[in-house]
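Novice: Chain A is already provided as a structure; the job is to place chain B with the ligands on it using the hints.
Respectively, the protein sequence lines represent chains A and B. Residue numbering for the first sequence follows my numbering, starting at 1 and increasing by one per position. Residue numbering for the second sequence follows my numbering, starting at 1 and increasing by one per position.
Calculated from the structure, these hints are not laboratory results. Don't take every hint at face value.
Said to hold, decoys possible - List of simulated lysine-lysine pairs, BS3-like, C-alpha gap at most 25 Å:
(1) Lys-140/B / Lys-180/B
(2) Lys-20/B / Lys-180/B
(3) Lys-180/B / Lys-363/A
(4) Lys-65/B / Lys-363/A
(5) Lys-65/B / Lys-140/B
(6) Lys-20/B / Lys-33/B
(7) Lys-310/A / Lys-297/A
(8) Lys-65/B / Lys-33/B
(9) Lys-327/A / Lys-297/A
(10) Lys-297/A / Lys-221/A
(11) Lys-137/B / Lys-115/B
(12) Lys-137/B / Lys-154/B
(13) Lys-363/A / Lys-123/B
(14) Lys-363/A / Lys-115/B
(15) Lys-154/B / Lys-363/A
Remember, predicted model here, so these are calculated numbers, not experimental data.
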Amino acid sequence: MNVQTPIRLTAAEESLAAQLESVGAGDAAVRFREAGLPTRRVEAYHYTDLKVLLSEVPPLAEAVAGTGAPVFDIPGAYRIVVANGVMQNAGTAPAGVITGKVGGSTLTMRDDTVVRLNSALVKEAVNIELAGSVDPVIHIDRRTDGDAAHVATGSKITVAPGARATVIETVATSDAGHMGNLGTYVALGEGAEVTHIVVDLSATQATQFSTLEYRIDANAKLMSIVIQAGANLARAQIFANFVGEGAHGDFFGLNLIDTDQHRDITLDVTHGVPNTTSTELFKQIGRGHGKGVFQGKITVAKDAQKTDAKMMSQGLMLSEGAEILTKPELVIFADDVVCGHGATCGDLDETWMFYLMSRGIPKAEAETILIRAFLEEIVDAVEDEALGEALSGIVDGWLAQGA
Amino acid sequence: MNGTAERAENDMTTPMLEIKNLHVRVEDQDILKGVDLTLNRGEMHAIMGRNGSGKSTLSYVLAGKEDYEVTEGEILFEGENLLEMEPDERAAAGVFLAFQYPIEIPGVSTMTFLKAAMNAQRKARGESELSTPEFMKAVKDASGLLEFKQDMLKRALNVGFSGGEKKRAEILQMALLAPKLCILDETDSGLDIDALKVVAEGVNKLRGPDRTMLIITHYQRLLNYIVPDIVHVFSDGRVVETGDKSLALELEAKGYADYESTDAA
Ligand SMILES: Nc1ncnc2c1ncn2[C@@H]1O[C@H](COP(=O)(O)OP(=O)(O)OP(=O)(O)O)[C@@H](O)[C@H]1O
Ligand SMILES: [Mg+2]
Numbered sequence: 001m002n003v004q005t006p007i008r009l010t011a012a013e014e015s016l017a018a019q020l021e022s023v024g025a026g027d028a029a030v031r032f033r034e035a036g037l038p039t040r041r042v043e044a045y046h047y048t049d050l051k052v053l054l055s056e057v058p059p060l061a062e063a064v065a066g067t068g069a070p071v072f073d074i075p076g077a078y079r080i081v082v083a084n085g086v087m088q089n090a091g092t093a094p095a096g097v098i099t100g101k102v103g104g105s106t107l108t109m110r111d112d113t114v115v116r117l118n119s120a121l122v123k124e125a126v127n128i129e130l131a132g133s134v135d136p137v138i139h140i141d142r143r144t145d146g147d148a149a150h151v152a153t154g155s156k157i158t159v160a161p162g163a164r165a166t167v168i169e170t171v172a173t174s175d176a177g178h179m180g181n182l183g184t185y186v187a188l189g190e191g192a193e194v195t196h197i198v199v200d201l202s203a204t205q206a207t208q209f210s211t212l213e214y215r216i217d218a219n220a221k222l223m224s225i226v227i228q229a230g231a232n233l234a235r236a237q238i239f240a241n242f243v244g245e246g247a248h249g250d251f252f253g254l255n256l257i258d259t260d261q262h263r264d265i266t267l268d269v270t271h272g273v274p275n276t277t278s279t280e281l282f283k284q285i286g287r288g289h290g291k292g293v294f295q296g297k298i299t300v301a302k303d304a305q306k307t308d309a310k311m312m313s314q315g316l317m318l319s320e321g322a323e324i325l326t327k328p329e330l331v332i333f334a335d336d337v338v339c340g341h342g343a344t345c346g347d348l349d350e351t352w353m354f355y356l357m358s359r360g361i362p363k364a365e366a367e368t369i370l371i372r373a374f375l376e377e378i379v380d381a382v383e384d385e386a387l388g389e390a391l392s393g394i395v396d397g398w399l400a401q402g403a
Numbered sequence: 001m002n003g004t005a006e007r008a009e010n011d012m013t014t015p016m017l018e019i020k021n022l023h024v025r026v027e028d029q030d031i032l033k034g035v036d037l038t039l040n041r042g043e044m045h046a047i048m049g050r051n052g053s054g055k056s057t058l059s060y061v062l063a064g065k066e067d068y069e070v071t072e073g074e075i076l077f078e079g080e081n082l083l084e085m086e087p088d089e090r091a092a093a094g095v096f097l098a099f100q101y102p103i104e105i106p107g108v109s110t111m112t113f114l115k116a117a118m119n120a121q122r123k124a125r126g127e128s129e130l131s132t133p134e135f136m137k138a139v140k141d142a143s144g145l146l147e148f149k150q151d152m153l154k155r156a157l158n159v160g161f162s163g164g165e166k167k168r169a170e171i172l173q174m175a176l177l178a179p180k181l182c183i184l185d186e187t188d189s190g191l192d193i194d195a196l197k198v199v200a201e202g203v204n205k206l207r208g209p210d211r212t213m214l215i216i217t218h219y220q221r222l223l224n225y226i227v228p229d230i231v232h233v234f235s236d237g238r239v240v241e242t243g244d245k246s247l248a249l250e251l252e253a254k255g256y257a258d259y260e261s262t263d264a265a
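Next comes chain A alone, as it looks inside the complex (with noise of 0.2 Å):
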């Protein structure tokens, strides 16, 4: 879409235009005033409207000390802290995982607003070279401190081939409007297996942006799992890329939103090559007028014979004012391929609550064991035991916020 005449810029949108011409990014900023926010005209963020959306932006972070323990504690981990997006001193690694920082974003540029500020804005990213297998889980323990702040942050984690490993990220905020922006990129390499879990727990007030790409070469194994349970604006944006043969993705989502927040998982998956398979389950559930998008692609290549790739999105509305959207999209070019998806959307089951509550279950608590069993499927899927229960106590968390 061409540009005639340059539009008017929100105070949103001119912060931020202040704010990559701040940081030296003039040809970012030109950009960005000539465009401004996508807003649900461009095809991507139909249904998330940034220009509407985003009333403030804080300023840029400045650079804290992280003390303190873990908003999110998961016993045995190697933990590292990143305070208001500058990595702090990480510990010794485990065996097999080298850490160190990298100038920059990792992300690859494409043509998307919360890519390319990510991009301009990241000036530093932790990177992870996992040469073997590694043990422990690996935590990214991102948190903002302090007054509302602005936070561009980003992650490499480079996995040799043959390795396993699982890492999970989280985002965690202090009770301030803050911004983030975590752009992560994860690849691969032949054989590894790799469970990958994004969980934002940022602040009812804040707002995040989250970009994870992966990179999936021949044979690999990739479990992806984002949780978005915190934040009053939050999208997720997942680009995957199958480039070798045999390899399989389980890509695993969960929106839960409450009240007035809108929570939006954007994903794109592009089997690139012959044989490789995936699978994506992503589940939504919300309460008082919560709005959640879930927006899946696939796509698969002209020679991208054999795929098999089959997406599943539901969602549970658990009052009169909460929305649910969802927008699956399979683009295909090759022709012997299995390809589908499934969406299903209501509230919970009156059977399943009248054959509970004639067992004397009382009502609000067959309400929670359903709400749980709609949600476990997602948690299940972590094999480490810590972690699993981890992600469980999230959930409980937001049930019993709700009670």
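Specialist: Chain B with the ligands in isolation, oriented as in the chain A frame:
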């Protein structure tokens, strides 16, 4: 509801369940058209009747399922108005329905469900929760009695259970929850001959002076194992005949043709 001394006195004489002139409408259709039924303490009643005559409707109304509009009549459980109670309150008070079609609930393990149900009822009665070993022992004993495979307890509730396994699971729940009023809606259908005996034995073990049973069935065969005190014939939303166990044999021989005219009237 607390068991005062006054109530305790009544308990001996108050029927377990009294259904008086019950009329029920479902989606603008009159299904139950004046059911009268009195079940005393310790009695075993059987209801037989044609498909669609309203037997399951009656059992759902007793358990408290929504969408049933009671247009006339009343139901008293131990003298209390049952229709004012929520399904969970009815269960805690001692009403149990073994479903004709047990519900599959994905994502909820049978074990988790059993524990939640038992503890919820204990809590409602002011009793302490069961410890895990206590719970496990109760489950093990009941499963043994009903020859219910233990490893099925780890699976999601009723999901992928065979028809017979589902029925067995219902009776397992009944044994664990020890209700005062057991309503068994076609528990025998779907059970093989051996399973029928096992389940019947389980049901017979639960018989006692303080427990009342209402067994809905199409087949006399079940009543050879679970011998009823009283048999009712249900037709077009009403009890049209009541007799002793010989009535079941009579029905088996003659069918429901004799009650047709009653329907038309
Ligand atoms: N939700 C409903 N909407 C409309 N009609 C209903 C509904 N539930 C029950 N009915 C009707 O009520 C009548 C009685 O049904 P019910 O299930 O009680 O019969 P039943 O005696 O248990 O039969 P069966 O022996 O086949 O189990 C049937 O005609 C049935 O179609
Ligand atoms: Mg029936």
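Novice: So which hints don't hold here, by number, going up?
Specialist: The structure breaks only hint 5.
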